[in-house]
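Participant: Here is what each chain is made of, one letter per residue.
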Amino acid sequence: MTLLEVRGVSKHFGGLLALDEVSLSVESREIYGLIGPNGAGKTTLFNLLTGLYSPDRGGFYFNGERLMAAKPHMVAERGIARTFQNIRLFGNMSALENVMVGRHARTHAGVVGAVLRDRRTRAEEASVRARALELLHYVDIPEQANNLASHLSYGDQRRLEIARALATEPRLLALDEPAAGMNATETGELKRLLETIRGDGVTVLLIEHDVKLVMDLCDRVAVLDYGKKIAEGTPQQVQHDPAVIEAYLGSVLA
Amino acid sequence: MSDWEKLKRNPYAAWTAFILLAALLALLPFLADFFLGRSWVRILDFVLLYIMLALGLNIVVGFAGLLDLGYVAFFAVGAYLYALLASPHFGIHLPFWALLPLGAGVSCIFGVLIGAPTLRLRGDYLAIVTLGFGEIIRIFLNNLDAPVNITNGPQGVNNIDPVSFGTFSLYQAHRFIGINFSSVYNYFYLFLALTILVIFISMRLQDSRIGRAWAAVREDEMAAKAMGINTRNIKLLAFAMGASFGGVSGGLFAAFQGFISPESFTLIESIMILCMVVLGGMGNIAGVILGVVLLVVLPEALRYIGPAEQVLLGRIFVDPADLRMLIFGLALILVMLFRPAGLLPSTIRKREFETEDEAEAQNGARP
Numbered sequence: 001m002t003l004l005e006v007r008g009v010s011k012h013f014g015g016l017l018a019l020d021e022v023s024l025s026v027e028s029r030e031i032y033g034l035i036g037p038n039g040a041g042k043t044t045l046f047n048l049l050t051g052l053y054s055p056d057r058g059g060f061y062f063n064g065e066r067l068m069a070a071k072p073h074m075v076a077e078r079g080i081a082r083t084f085q086n087i088r089l090f091g092n093m094s095a096l097e098n099v100m101v102g103r104h105a106r107t108h109a110g111v112v113g114a115v116l117r118d119r120r121t122r123a124e125e126a127s128v129r130a131r132a133l134e135l136l137h138y139v140d141i142p143e144q145a146n147n148l149a150s151h152l153s154y155g156d157q158r159r160l161e162i163a164r165a166l167a168t169e170p171r172l173l174a175l176d177e178p179a180a181g182m183n184a185t186e187t188g189e190l191k192r193l194l195e196t197i198r199g200d201g202v203t204v205l206l207i208e209h210d211v212k213l214v215m216d217l218c219d220r221v222a223v224l225d226y227g228k229k230i231a232e233g234t235p236q237q238v239q240h241d242p243a244v245i246e247a248y249l250g251s252v253l254a
Numbered sequence: 001m002s003d004w005e006k007l008k009r010n011p012y013a014a015w016t017a018f019i020l021l022a023a024l025l026a027l028l029p030f031l032a033d034f035f036l037g038r039s040w041v042r043i044l045d046f047v048l049l050y051i052m053l054a055l056g057l058n059i060v061v062g063f064a065g066l067l068d069l070g071y072v073a074f075f076a077v078g079a080y081l082y083a084l085l086a087s088p089h090f091g092i093h094l095p096f097w098a099l100l101p102l103g104a105g106v107s108c109i110f111g112v113l114i115g116a117p118t119l120r121l122r123g124d125y126l127a128i129v130t131l132g133f134g135e136i137i138r139i140f141l142n143n144l145d146a147p148v149n150i151t152n153g154p155q156g157v158n159n160i161d162p163v164s165f166g167t168f169s170l171y172q173a174h175r176f177i178g179i180n181f182s183s184v185y186n187y188f189y190l191f192l193a194l195t196i197l198v199i200f201i202s203m204r205l206q207d208s209r210i211g212r213a214w215a216a217v218r219e220d221e222m223a224a225k226a227m228g229i230n231t232r233n234i235k236l237l238a239f240a241m242g243a244s245f246g247g248v249s250g251g252l253f254a255a256f257q258g259f260i261s262p263e264s265f266t267l268i269e270s271i272m273i274l275c276m277v278v279l280g281g282m283g284n285i286a287g288v289i290l291g292v293v294l295l296v297v298l299p300e301a302l303r304y305i306g307p308a309e310q311v312l313l314g315r316i317f318v319d320p321a322d323l324r325m326l327i328f329g330l331a332l333i334l335v336m337l338f339r340p341a342g343l344l345p346s347t348i349r350k351r352e353f354e355t356e357d358e359a360e361a362q363n364g365a366r367p
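Heads up: the sequence lines are chains X and S, in that order.
Our numbering puts the first residue of the first sequence at 1, with every later residue one more than the last.
Our numbering puts the first residue of the second sequence at 1, with every later residue one more than the last.
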């Protein structure tokens, strides 16, 4: 079943065509890789998908429905969660609080509930806390619960960002270069975490530069170059695609 | 925080502390009157009034991180609403219990109206625009005496009804169990009750889903959006809540003073309230209360400088009024130099400054 369909999405910034009629479809429960040289438009695609910008042409269909002029918070409500290329945690809040914020869209307490702290609000608050702790265990950093997000190590910050994204109960988890800056051990652990996440029924859309990780992990891969999709297929197919080799290494004839 | 936890675990000590604090607060006006004079009871009333006001601004600035320099506008809206609906100016005399929620509600609407156009702005730009809005409200109040006289212009509104519950007016002295309670005493207890309510609401809001969302917006708005927080609504909520606290304080101010004019709502007033929030420790309720106490009490205490000069030096060398502001300014500068996160920084703010120090230290260590 197709979970996410990108249909002919174009976007330009001033004179720069960042994305040019990009179409792709992500199947439910797969790990889909998005690769390409720097400036190819991968993050732009993420930003369009999550509603930070709106596309000039084309659109996104999630679970069969069009995401119409969606605002970021609505996209999160619909079940798409993301992490950021340059980690964007709430630095001066504890790790636990960060994950608790992720529960916002799935909880309801308003001002009246907050002030009166009635039985329902208390129950909701307790469940938010419990779920957040559970997620910290899930990404294997429970001991960091009360530490400041900004004090965590780089690898733990990446994990925390994933836990926070998972707290929104996404069907699609969009990760922007999660392995950037990680060493081989950390990347190996990340790979296992992503496999667990997929095993638990969450579809993963992954931007990544680490070729080995992409080849090992992804079911299918799309390659972007100068805003165009130049190849799509299994990692093996893409690896041998002449257009991809040219994009990465330059033309043999040049 | 650990003392607090200890208290929580020991109910006996907690109750003792609570009863002592309650007794102290109840006796405070008597103590002030006895040791310092009647005028200090009035100053205590103002301390409480400003605590309510500053805690409202604290929601906007401290919790949600939106720098609002026009906050006094909501104080003005609350004050004028009360003044116009409970004075001979229009001949309307609505009761206090109706005006208090009405003031909160109308200020709340103004909070949303002023907040809405500023939603896209942050930091310096937000400060400038809110400053403009604050001035617009004041200038309106100053000029709405023609062609139809609504606000009575610069002359302000006089003879505002004091707070009264039925026939029990806080303006008159009352005798209870042989003790005479004059007007400033009556207002003290009313303000104390409302201040406690405002503190309670602030604390509950801070530690809730809404409070976390405000903190998230403060920390990283884009990430907050991606986590499913409707940042537009959550920011408007901060403006609305802050404004309603301001409106309530404004109404109380009008009733307490009996007279208001646009002069009470100038930019410097906004800045004073912001100073109270920042000096004590943005985002920390206890810090804000301390900030208010210092900034209301200190200028009053410095009034004794004139007589002190006379006694110590034989004659007045420096005009006490000048010296008063000089010392006051110096005190502010010293606090900001030595305790940049405020006197009682909130845990978050404290961390923020510590993190910056660490980052600096690390940068410094680099070759």
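It cannot be assumed that every hint is accurate.
[Unchecked claim] Selected chain X positions facing chain S (in silico; Cβ < 10 Å):
id	residue
1	L17
2	V75
3	A76
4	F90
5	R220
Hint data in this document are derived by calculation from the structure and do not stem from the laboratory.
Backbone N, C-alpha and C fix where the C-beta goes; we use that ideal spot for every residue, glycine too.
Participant: Quick one: which hint numbers does this structure break? Sort them smallest to largest.
Facilitator: 1, 5
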